[in-house]
Structure formats: structure tokens, C-alpha cells
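Chemist: Each chain, letter by letter, is given below.
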Amino acid sequence: MLSVAGLTVRFRHRTGAATAVEDVTMTVARGEIHGLVGESGAGKSTIGAAIMGLLPPAGEIAAGDMRLGDTDLRTLSAAQAHHLRGKRISMIFQDPQTSLDPLMTIGDQLVETILAHEDIPAEAALTRAVDLLEEIGIANARARIRSYPHQFSGGMRQRVVIALALCTNPELIIADEPTTALDVAVQAQVLDLIRKLAETRGIGFILITHDIGVIAQIADRVTVLRDGKVVEQGDTARVLGAPEHPYTKALMAAVPPLDRRLRRFAVPRVEGEAETTDLTAPAREAEDWLMSGAGGGASMGPALDIEAITVRFTGERRGLFGPRESFVALDDVTMSVRPGTVMGLVGESGSGKSTLAKVIAALVHPAAGEMRLDGAALAPMRRRTRKDPSRRVIQMVFQDPYSSLNSRHKVLSILTEPLRLYGLERDEARQDRLARAMLALVGLPAEVADRYPHQFSGGQRQRIAVARALLSRPGLLICDEPTSALDVSIQAQILNLLKELQTKFGLTTLFISHDLAVVRQMSDDITVLKDGKLVETGPSEAFFDGPRHAYSRDLLAQTPTVRFR
Amino acid sequence: MMLARLMQTEGVWLFSRNPAAILAAIVTIVVVAGAVLAPWIAPTNPYDLSSFSLIDGLLPPLWEQGGDPRFLLGTDDQGRDMLSSILYGARLSLIIASVAMGIALVLGVSLGLAAGFFGGRLDAIVMRVADVQLALPAILTALLIDGISRGILPREVHDDLRLAVITLAIALSLWVNFARTARASTFVERNKDYVQAAIMMGQHPLRIMLRHILPNIVGPLLVIATVDLASAILLEATLSFLGVGLPADSPSLGTLIRIGMQYLLSGEWWILWMPTVFLVVLVVSINLLGDFLRDLFNPSLR
Amino acid sequence: MVGFILKRLVQSVFVMLAVAFLAFSLFRFVGDPVSQMTGVETSLEDQARLREELGLNDPFALQFIRFAGDLVQGDFGYSFRTREPIGEMLLTRLPATLELGTVALLISLAVGIPAGIYTALRPRGLVSQSILIGTLIGVSIPTFVIGILLIFLFGVQLGWLPTYGRGDTVEIGWWRTSLLSVDGLRSLVLPALTLGLFQLTLTMRLVRAQMMEVMRTDHIRFAIARGVPWRRIRYRHALPNTMIPVVTIIGLQFGGVIAFSIVTESVFQWPGMGLLFLESIRFVDIPVMSVYLVVIAFFFVFINLLVDLIYLAIDPRLRVRESA
Amino acid sequence: MHRSQPHTTVLALSALLLSASPAISETFSWAGTTDPQTMDPHAVNAAPVLSFLNNVYEGLVRRGPDMDIQPSLATSWEALPDGAGWRFTLRQGVTYHDGSEFNADDVIFSYERAISEPSDVKSWFSSITGVERVDDYTVDFLTSAPNPLFPGSIANFMILDSGWAEANAAEMPARDAENHATRNANGTGPFVLASRDPGIETRLTPFSGWWDTAEHNLTEAVFTPIGNPATGLAALLSGEIDFISPIPLQDVTQVEERDGFKVLAGLETRVIMLGFGHDHETLKYSDETTDANPFLDPRVRLAVAQAIDVETIDRVIMRGAAEPVSQLLPAGLSGYSEENAERPAFDPDAATALLAEAGYPDGFSFGLMCPNDRYINDEAVCRAVASMLARVGIEANVNAMPVRGYWDELRADNFDMYLLGWSPGTFDAEHPFRFLAHTPTERLGTWNFGGYSSARIDELMTPILQEIDPDARQGMMDEVAGILQDDVAYVPLYTEPLIWAMKDNVEVIQRPDNFFMLRWVTVN
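Residue numbers (our numbering), protein chains in the order written: chain S, 334 to 898; chain V, 382 to 683; chain B, 29 to 352; chain F, 639 to 1162.
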């Protein structure tokens, strides 16, 4: 139905032109779900845009041809292309929060789309819209159709988005990361829906994603892209099960399995880093420095006990004199992290896992509860002074490597900051040496210290963030979704790094993630949160072998897995 | 520093392909240079009474019939050389504008930073004060301050302070812009992880605000600074027109225009139009630069 | 949402109080009211008596409370210069200024919004560029110069439009309007243009910026991907989303309009409050100055409350607050 | 603008009345810079107010086109024996605009009102000890000493109807709060206040019951204050107004060149002069000379006089419309001293020499006080003077300020040299002598800010005021003028021009005191 041959897309830059997609050939049959997988910058989305005819002004199709049925997409006039959009090809965007016009009821948006392509009375359009909503599983659609997007939850909103893409019965739908912004549970539902639509309505899907799990779950065929080129193409089972190309192999190796815990990932040699942190001289120096901190010998991170922590956020006032709505982010959570071990903290978005981290890091003040660090009371935010020793002991690695480093400061000054702040090293030259040594330890060349953050890739930034954390000789390391913003191969590297450092320095670690597979790779113990309440906490392996709680079981079940062996 | 880096990369490139911006930059530089160097390059010193004579009064520009080679742009009713008056006037206007802008910047940014960083009660107070200020628009504030100072200060003191009064008035009417912008962007930055990290590490709030946040919000502030510089110049001119500006013996551009207004009809057009055109050109080019910067710092508009 | 309004109300009250206080201190401490009221030939005893009468010897707080109370009851005191009750003075001037300001604002919106949309949709177009440059020059010419130029072009040289004043006015109750007579409307044109021009450029640039932002958002891209007709995308999707921030700004612009109406009124001899204010400044007529201050602040606050309500009306996210 | 309802009827009425007058004209609208701030003839003693109210109210006497004193509400007056005062015989059958009768009670009431505490015109009656009602139409104004000039000095003393004032609680001029008389008027004058819109417009309609025959042919007159000169001129040129005064000097040629317009440029009686701080021990605003006051030395004052090129000031700043003068009043007025008509010639070198001789070879600096909104181009003149003085080596720091507060500054002696304009209220040399030349006392020399003092002039003052014989009087006048000139007590510069601009079809009479009298206006 859709056939793309030798597609090449160029982008004009201030420094000449760059090829984003090169000689891509692929086909999508009716009812087929074609996975388009690859890491950021692989050109997946560009292909989608090219097919939609929605390349940004700077982009141009340099070669190749694209046909939908018997229509040549390249020869269409702007008007024709616009008419074709929605009518025959439609699209689903990543973030349901932003893909809907907030000022228009979903009904209007549906009807408008239908009327844009079909010459039928508005009532007919409306009834079809309602049916459609029913079909994609929105209860009581007749009433809900009059509501505004913000009145739907994320999952429901994504369903509406899909309904919008469907309402004109297109032949092809391009889904660009349709589930990335969703929790596993919702993701599973949405994926099922797509699957169903493909089967029942025979719509062809191009499923653009970075998540091999998703591909494995529903794609019939898959195209693996790298740097705009097709690396491998074929039936999903074949490509993922028995990859031929080394890149695909590496990719598969980097995907954290849910069913077992690897010692370490076999990572492909990408980016500039040393594969393992085989100890160069400076790296060893940094290591010694870290060790020396804890009175020599293999140090052990402190034990962390959390008791009955409750956090409330106060919101808008309800009525004129009504009370403020207050929302309970954490409800009486009790858990403890054994010294020198990794505690995995999992839960869907809004489950309060990050809030818990912030409470420990004194960024959020708990309404109730106590914390202890090695038995000694750990002061909550408002009572924790700036000079409190725990400030040094507890360090954090944030989710978004792009915002966690001050882009206006040189890496060097970012790294030496803790040394100065905690007075660990007074001597400037020594600070400099140590900072660079620490870079070596996290697998970055020393000279990068003189650059600015924006000159690094996400993975490198995350390494710098880790180095910064280490440079305050921490005992407790909090990792808040440290890899969820990274490509799978990079994720693997960072996970390796964290594992190594953790074992080497016996850091007590609180590892937060929404991805059970990742957590399994990292953690000795695991804690599950749901809507601010603690579901269960206990040894990790036991949990994965047989979760006690029903919710945990669903969570496990819904997490997409790659099993082709 | 951050600017420097911007300039050597993105900025310069965009600049190089934006003729308007280049032209504006050149004009601005020339004018500012002319103003700053006035004492050295101006043919005469309009402040020195003995340097001009009533005999030379109302001479037209050089190219006009009856023009005098000594006075390129003609003379005013006192026999002052227009060119010199304009250069000195521009000097004064720029001084007032930039000092006022500076005050507003420091005041507004520090308040905005603090409000955005600490939030809560402080934020509320600052913003309410800003509201009050907003309720009293620029010209009004300026007029009031002038009126008040007339009322409370003895006359000669007020005249000596006139420059200060005008500057303060303009500054007061400009600080809100900075405060609101600084506050807004601080809010954004404050929730970014690098600030959170700094807070978590227990760095001193002052250090966090100045070392961490400030450099990251310079962009929008710079834009406002440019635009406000322009509006400050205009405001000064308007105040002079309304008669609360500077006295005629130390004429700013605005004062020159006010004086020139009397000759709108009388045929001595140059007395009005020379300074006016000068002012407009100056302001236009500053505004153009402002636009350029705005686009520069707001890539989505590119 | 109710809380939102409540909050704004409280804030407004705060602002008004603050301004009233400013006004009061102005009235009380700038120059000596008594010596202002009495001629050179008034004896000291008389002055003392007057001082007592006016209660200028009472404690400060008490005086302020009285002042504020009088204001609330609409008793604005008397002008030092003309001895007239300020309330009346302002009331007779109010319609002139409001009509001028409103018309100017309308002009600025009626032209500014379309122009903004146009320049946003065709950012690279020649027309857009020239509009942008044009408006840039527009903001760079002092208002008073523009005003005088218009007068001499249309008033003197072409003789099309009146050069000063309001022309014929029709009285509706105490409200004297120039909107109901041809002459009145003709006299309104030039001042309104002069006043509107500056606001126009602001509005245009704002709309332009917002529109360009919105056109880049996901929901617009999605609408395009659904093949929704272009004009619908622009005017049914992009425009409303653009207007939300714009509306709030318009509220703030009112301040600017009032401010510049001072200039405009002085140029066109427009018998509004601005002119009155200028005179009161020239003759250090403190009571008039301070009352004018309060009145302006009141309008500003009032308009902005209004804007907040409009805001609520057009943004469903604020109107309805439950989530599935 | 806002049309008053009874407009049409008034039109008909006046049409009927003015059947004698040449042509029926429609509304006549004129503009000035400032609005008369009150309609109360006793509340404010300021030219704009008095000038305007002279069209509505009348005094016992009035001034003719060339300032001559004419009978008005008084038909005749005579001095009481041995200077006991003056007896005024009042005109009979005069009615106010509201129809009520005018009689002696009103005169007495108005006098009481004019000298009441809130009144601003008390000074007019400083010489009056009391007023007596002889009969319904005869009133005596009693003086302690002979006062030959009294009748001439009360042309602006306007008569209110006692009944009306009492009925409307306006027995006193308004002070802190306005009263009925602030915005309403009920005079006997040729025009009725039809509507009053402070600061915006004021409408007058002819008074049908006026005792005198109207020379004007107006059916309605509208006054609009226009502050911005450019706007005012535009209004005239666009034909929206028929008359405006003043217009900027530099625009005179423009107006004259346009057809359909004309400019009436007469000489005002106001003399612009420089004054010195004769009683200042030291200079107040000098940068270096703080121990002495050079202006105490007549040579320095003469140097100043010689250093100033009045001709050029006239040519460039006053556009040749002014007239250089040598005395405190312009030539032609009674008491002008022909033998002192010469003013010191412009001679910078002589000035420099004089200064050196006086001990200031390299000059000194001082403060020159100057209003910037009182006289025509006053600030510009001051600056010109400053730059001319700078050329002979003395540096004037010009301090220009609005007239509001200017007098207070002068009274507070905050000057080294100041600019002053003086128009002789009585149109006789005695007026400037009395106010500017006499040593300052309670009642005399009240505007002699510099405190100039000459024993001879002081002793001549009383005789001058009381002498009836013209020649003897002139003799004394000449002597005084001579003394002033030798002492260079003041440096008279020029007489200010009066610039009135109007449409061609407007005929007016330009009275030297710059009062605009509607009763002489005809529109063809």
C-alpha cells in the first residue's frame, strides 16, 4: 500500500546541508504495523514527516519516491497534499497533553476533521464521532464528547488523539512515539488498541519508537535505523530474535531484560568513551581519594530509614472561603535502605517516587514522618541547615541531563564546586587535578573539563553529573530516573557505570525508575509505590520471581518484554 | 561571558545575514560615538555662552540659501550651532536614558530574582508593588515625581536636581519590566535540576541566584534593556515636551525638539527637524537591535 | 477559580490602598495646603483657623482614614486653583478621556490584531517586513511629534479634520459624548489615531509573537496532519490560543493609553482628564493631582479585573476544574 | 462645542436688537493661552480674569481705545474739597443681566466685598479710608490724603449686584471652596455669561438691556483656552477660530502671508527691563565673587547696559516687533520724559573698559533670574543677554522658571539680576515710579525688589501724586527719570509687542493693556 524507495532527506544548515535520511526503502501493507526503531538522531521521525509531507522548511527530499496506493506523494501540490492528510494518511503525536487544542471540545475537533474530508451533515459527523469514541473505549461518549481535552486523563487523551487520527478512515497512520509519554498500564492498552485497529480496520501503521519492547510487542515488521540509514529490515521476530547486523545485535544486548539480572551489559562501542573504566592513573587517583574519605578501606554507605513520611501539597482555594484543596503526594511511607545496597523505587507517574527522593534530599518538606541516616535523625527540609553534614553525604543524579548541569558554567567549575563548598580540598590546583581525575573515573577524557555542558551528549552529561556527585564523597546516592532520557545503548553504559561505582565504593543507592526492567538490573531491594502509598517493599529477586501484591503483578505483566530466544 | 560566547557562534552568524541589524548597529555606534565624543568633535560648545552670538541667530543649514559654512545644520534662535547642540543633546539624552535604565535594571532584576527564587510572601509583596507601579504608567510617574520634587524641594535645589529627578522618574517607570521578566524566568530556572542540585548541596541562596540563575536569564533581560533604553530616550523627550524635562541651557534631544516646536510653521524648519530626525534614527536603530536580540534569544521565532 | 478571582480582588484592594496612600502623602506633604489656598494677604490667624478647619492638625493616620473615607464617598475635595469641587471637574472631563482612550484602544486592536496575524503567517513576506519596519519607526517617533504632524497635515494643509477640541457634543445625562455627532466624530479621528498608533504597534508585535509560537505547537501540527482546512487551523485553532495572553496584555496597555492620553490631550487641546492633570501640575494644584492619581489607578485596577473575568470566560481550563 | 439650548432664541433676540449694526454675523470664537480661572471679579487679580470679566462686569469708570478714562457706571466724578476723596455720580436706569436695578448700595457692597479678607484686589483701595452713600445714585470714596489718580486706578473694580450676591451666598469671594460667583456672573456689561465650562470653553451672548449702544455686531462669542501655541495657530489657520492672542512672534510672517488672515502687532505698554540687587551686600549666585556685589557700582550697571545689543535682540528674538526704550514706560504715555529719551549706546568695548575701571578686568559670574512663561520669549531674551554679557567677560547663570513662584523668589531676594516687565496700570509715569523707583515701604515701592533707594525720588513721590498742574508735575517726572537713568537703577530694554492674529473679516481695537474688548469687535 505504502511504498517508499530510496528516500533521501537533506537539511540545510548554516554550515551547508546535512543528510538526515539516506536511501531508505520500506513498504507498509494494509493492516500491517511497521515498526521504525532507532536511537535519537536516527531519522525515524524525519521519515514520518517526509511521508506526511510535513518536513520543516529547512528540509527537502533529495531523492527517492513515495507512493500511497497509486498516488505519487512527491508530485502532489501543496493543496492536494493537505487534502490527502487526514483523508488517507494520518498521524499520532507523542504527547497527548499537547496534541489537542485546549480551547475546543473534543467533539468539535472530531467533527471538524470529519467535515474537512467528507461532505456529510454535521449530525452524521457527530454520531460517527460518538461511535468512534465508543469503539476506542471511551465510556459514555455521548456526554464526554462535549468535554474539553483537559478533562481527560493522559491515557484517555491519547485515545482521543487516536480517534482523531481514525475518524476519516485513513489507510495509513503514522504513530510517532505514541506511548512514550504514558505509563506502562496505559501504554499496554493503547498498544492493544492500535493492534486491534490494524486487524479490524486493516489500517497500516508506521510505529515510530525508540522502545524495542514496544516494537517487540506489536510490530509485524521492523526497520532498524541508524544515522538515517537502514541497518536491518524484516519480520520483527526475525530481526529482533536473530539480528544479523552488529548494530542490531548491540542494540538488543543493551535492552535490559525483565526476566533476569545481568552482571553488566555488553555495550557497543559508540560515542567516544572508554568501554569500561579500566583504571588509568588519574582514575585510580580519584578512586583512592574517594576511598580515603571513609577512613580508608572499602567504605560502606550509610543506612537510610524512612518512617511514616507524609507529604501534602496545598493547591487552589476551593470556594470563596472554602479550604484549600490539598493533595497527598506521599501517604505514610515507611521503608529502609540497607547500607551499601541499591534500593529500586518503582511506580507510575504520580506515584510519588520523585517526591520521596526530594524529601530525602531536603527539597520537599514532609508534613509528617521521620528519617534516619545510620540511625542518626536526618533533619527534614525546613530544619536541615545549609551546613548540615548530611548535605555532603546525600547526593543526587537527576533525570534530565540537559537541565541538571548549569549550561553557563565550565564543566571544571561545576565539578570543583562540591570540593570548595564542603571544604574537601582547599588547594585550587588539587581541586583541578581531582576534578579531571574524577572525569577519568567516569570514563571521560580529562580535557573535557574545559568545555561547556552544551558541547556534550546526554550520556556524557550524565557521566559528568555522576562525577559531580562523587566529588562530594557521598555515602548515599539518589538516582532519579537517571537513564529514562537516554537512548538504550547509552542507558546501558550509564547503568554499567553506576553498577561498577556502586560496588566499588559501596554507595548506598536509591534508584528510581518507572522501568521495571532497568530496576531489576540495578537493585538489591525494591519498593513499589502507587498514588503515594507503599505497595510493597522487599528483596528484588523475590519480587520479580513472585510479586506478592496484585498491582505489582499487573505492573510486571504490562511491561513489554523482548523474548525471541 | 555568556554573551561573548553567544556572539562568537550563533549570534555573529545570524547577525551577518541580517542587514537591518548590521545597519542599526552601525548607526547606533556612530551616534553613540558622536554623543560621547561631543566635547571633542562638536564645532562649538553650546553650554559656553561666549561661544555663540545672537548675531548668528536662525541661520539655515549649509546647503540652504543663506547658509553659513560655520554652521553645517544651521543655528537656533540663540545663534547656537545646531550640530553641536544635537551632539551635546544626544549625549545628555543617552546619559539620562542609560543611567535610568541601569537603575531600573539593578532594582528590577534583584527584586525579580529574589521574588522568583524565594516566592511566597516576598514574591507577593514585590508583585503587588509592581502592580501599583503598573497602575501609574511611565509618564504619570515621571510627572508626579517632578511635581512632588517641585513641591518639596526649594526651587534652585530642584533645578540642580532636575537631571536626577528626571532620571529617577524614568527609572521608576521602567523597573517593573525587569522585575517581572526576571521573576518569570527565575521561576523557570528555579525548578531546573541544576538549581535544585545547588539548593540540595546547601549553597548560599545569594550565590545560587547570582552565580547560577542570573547568567541563565540574561537573554530576555538584555532584550528588555535594549528596548527600554529606546523608550527611556523617548520618555525623556516626551517629558521635556510636557515641560518637566531639562532646562533650555542644557538641552537634551527632547528639549531641543520642544524648542523646535515653536518653529514648526515659521520657516526655520531645521530647528525642529534636525534634532527630531536624529532622535528617530537613534531610537529606530536601537529598537532594531532589540528586535534582533529578541529573535536571537527566542529561537522559536526564527 | 473563585479563589483566583478572590485573590485578584484582594490584590486590587491592596493596590488601591497603596495608591490612595501615595495620593494622600502627596496632598499632605507636597507644599502646604493652607498657604496654597490662601493668598499672600491672608493673616496668620486665618491660616491657623483654616488649618484647624481642614483638620490638618489631627494625627496622620486619622487624616489618612478621613481622606480615604472621603474618596470612597466620592468627596474629592476642592481644587486649590479654581476652587471647584474636584469630583465635578473630573466628572466633566472623564467622558472625553474615556471616549478617546477607548476609541484609540479599539483602533489599535482592530488594526493591530489583523496586522499581527498577517505578519505571523507570512513572516518572510515583503509586506510583513515593511509593516514591521513601519511600526518600528512608528514607535520611535515621539507621540507629540506625530500629533502635531497630523494636525498640520489634515487640519491646516488639507483642512479635512478639526485641529483641536471635541467638536459638537451631545449630553446624555451628565455624560457628554462626541460620538453622536458628525463633527464630534471628525474631531475624534486625529487624537484617536495619535494615541492609538503606539498601542497598535505593541498589540501587533505581541499578536505576531504569540501567533508564531502557537503555530509551532503540537496541536496545530496535529490539526495540519489531520488535514483540517488552513483557515480553520489559523482562525479557529491558532487565533483563540493566541488571544489568551494577548487579552491580559491589553489590560496592562490601558495604563499606557491613559499615560499617553496626557500627551495627546495636551497636543489636541482635548478637554479630558489628562489636560486637567497637566494644568494641575503646572499650577502645583496638588489635590487635583492626587485625586487624578487615585482615579487612574482605579480604572487600571478595574480594567484588569475585567480582563481576568474575560480570561476566565475564554479559557475552559480555568472555567471547569474537574478532571476525569 | 456643546450648544446651549436657548441659543436660537438668543440669536433671534440679538438679531432684532442689533438691527442697527452693519451685518448679522454668527458666532465669534476666540482663543487665548490661559482660561480665566474664575468668574468672580474680586477673587483673583490677574490679567486673564480681569480682561475677560471686563466684557461681563463694569466698573464706575472704564478705559477707551487709547486707555483714556471714560464714564461707565458713574456718569461723572469730582474731587471732594481738600483731598478728602472723590464723589461719584452713578448712572441711572442701569440694569443687571438678571434685570435687577443698579444703585449706590451695589457700589458699597462691591467695595466691602473687594476689601474683604478673601479678596485679592484689596490693594486697589489702600488709600481709601471709607465709602459713604450720599443718595441712591451718589457715592463718596474717602481718602486720608489727596489722591488725584484714584478714578484712573479703579477701572477694573467691577460692580456686583448686592441682591444677587446675597441670594446666591456669594457675599465674599471664594477661597477654599467655590461659590456661586465662581462660575456664574451677573454684571451690567455688554455681554451675558451664557455658559461656563472651566478650562474648556466659555460662551457669551450680547446683553439686550445694556445701557450703552453696542458697537459690535456679534450674536455670540465663544472663548476657548488653547495652551499649546502650535495647536492654537493651527486652529486659527484651519478657520476653526476667528481670533487668537498671542501667537508666537516667529509665526507672524506665516499668518500674514496666508490670505484670509491678518496680524495686528501693536506696542504694548509693558516695558521689559533688567533689575539689580541694590540692597544686596554680596552676590548670591556667583561662583567666585562672594565677598562683594559689583552691581552696587553704577559703572558696572552702566557696563551691563552698554553690553546689551537691544537692536539685535529685537531683530532676532522679537522679530523686529519690539521697540527699544530708555525709561520705565514707553514713549507717548503721560509723564514720559522727552529729555531722557536716549538710552546708553551698545558698546562692548566701553563696557569692558568700565568693568576694568570698576575693578573687574576679568569679570565675575552672577545669577540672572528670569521667568519662562510670563513675557514674550522671556527666556530666550535672558539667554541672549547672558551670552552678550559673557562677551564683555561677566558670566550670567540664567535661572529661568515659570512665573508661578517667580515673584516669591524675587521677594525672597533670590537674585543678583532679574528680568521684569512693567505696564503702567494708570498709564502714567507715576505708576512705575510708585512701584519700582520709590524705596520699598508698606505701600510704596512694593515691586522694587532690588531695593533701589533715592532720597530725592522718595521726596518727589508725594508731590507727584498730589500735584494737579501738568507742567510742574512733568518737571518732577523728568527729574526722577533723570536720576533713574544716571544711577542706571534699571536697564530698560524694550517695549513688548502685542501680537493679535485674526481672520481678515474681523475688526478689533487693540488696547495697549492687551485687554480684549468684545464690545469693539465687528465681523464682516
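For the record, the hints were derived by calculation from the structure and aren't laboratory data. Where a beta carbon is used, it is the ideal one built from N, C-alpha and C, also for glycine. Incorrect hints may appear among the rest.
Below, in silico cross-link-like pairs of lysine to aspartate or glutamate (DMTMM-like), each with a Cα-Cα straight-line distance of 25 Å or less [claimed, not checked]:
(1) F/K1141 <-> B/D196
(2) V/K573 <-> B/D246
(3) S/K529 <-> S/D887
(4) V/K573 <-> S/E681
(5) V/K573 <-> S/E640
(6) S/K529 <-> S/D516
(7) V/K573 <-> S/E467
(8) S/K837 <-> S/E620
(9) S/K863 <-> S/D428
(10) F/K900 <-> F/E961
(11) F/K922 <-> V/D429
(12) S/K720 <-> S/E640
(13) S/K420 <-> B/D246
(14) S/K582 <-> S/D783
(15) S/K420 <-> S/E372
(16) S/K837 <-> S/E758
(17) F/K922 <-> F/E839
(18) V/K573 <-> S/D733
(19) V/K573 <-> B/E241
(20) V/K573 <-> S/E468
(21) F/K922 <-> V/D541
(22) F/K1141 <-> B/E241
(23) F/K760 <-> B/D246
(24) F/K1141 <-> F/D736
(25) B/K35 <-> V/D429
(26) V/K573 <-> S/E620
(27) V/K573 <-> S/D783
(28) V/K573 <-> S/E393
(29) S/K582 <-> S/E640
Chain V stretches covered by chain S per the calculated footprint, using a threshold of three residues with CB under 8 Å from any CB of chain S [to be verified]:
(30) 569–575
(31) 593–599
Chemist: Hint by hint, note whether the structure agrees.
Modeler: For each hint, the structure was consulted:
1. F/K1141 <-> B/D196: With Cα atoms ~22 Å apart, F/K1141 and B/D196 stay inside 25 Å; holds.
2. V/K573 <-> B/D246: Holds. V/K573 to B/D246 sits at ~23 Å (cutoff 25 Å).
3. S/K529 <-> S/D887: holds (21 Å)
4. V/K573 <-> S/E681: Answer holds: V/K573 to S/E681 is near 22 Å, not above 25 Å.
5. V/K573 <-> S/E640: At roughly 28 Å apart (the allowed maximum being 25 Å), S/E640 and V/K573 break the hint.
6. S/K529 <-> S/D516: holds (20 Å)
7. V/K573 <-> S/E467: violated (41 Å)
8. S/K837 <-> S/E620: OK: S/K837 and S/E620 at ~9 Å, within 25 Å.
9. S/K863 <-> S/D428: Answer holds: S/K863 to S/D428 is near 23 Å, not above 25 Å.
10. F/K900 <-> F/E961: Holds, at about 21 Å.
11. F/K922 <-> V/D429: holds (21 Å)
12. S/K720 <-> S/E640: holds (24 Å)
13. S/K420 <-> B/D246: holds (19 Å)
14. S/K582 <-> S/D783: violated (35 Å)
15. S/K420 <-> S/E372: violated (30 Å)
16. S/K837 <-> S/E758: Holds, at about 22 Å.
17. F/K922 <-> F/E839: Between F/K922 and F/E839 the Cα gap is close to 44 Å, so the pair fails against 25 Å, i.e. violated.
18. V/K573 <-> S/D733: holds (9 Å)
19. V/K573 <-> B/E241: Measuring from Cα to Cα gives roughly 22 Å; hence the hint holds.
20. V/K573 <-> S/E468: violated (41 Å)
21. F/K922 <-> V/D541: holds (15 Å)
22. F/K1141 <-> B/E241: violated (58 Å)
23. F/K760 <-> B/D246: Not satisfied, since the Cα-Cα distance of roughly 81 Å exceeds 25 Å.
24. F/K1141 <-> F/D736: violated (34 Å)
25. B/K35 <-> V/D429: violated (58 Å)
26. V/K573 <-> S/E620: Distance ~30 Å between V/K573 and S/E620 Cα, so the pair is violated.
27. V/K573 <-> S/D783: holds (23 Å)
28. V/K573 <-> S/E393: The hint is violated at about 36 Å.
29. S/K582 <-> S/E640: violated (45 Å)
30. 569–575: holds (count 3)
31. 593–599: Check passed, 3 qualifying residues.
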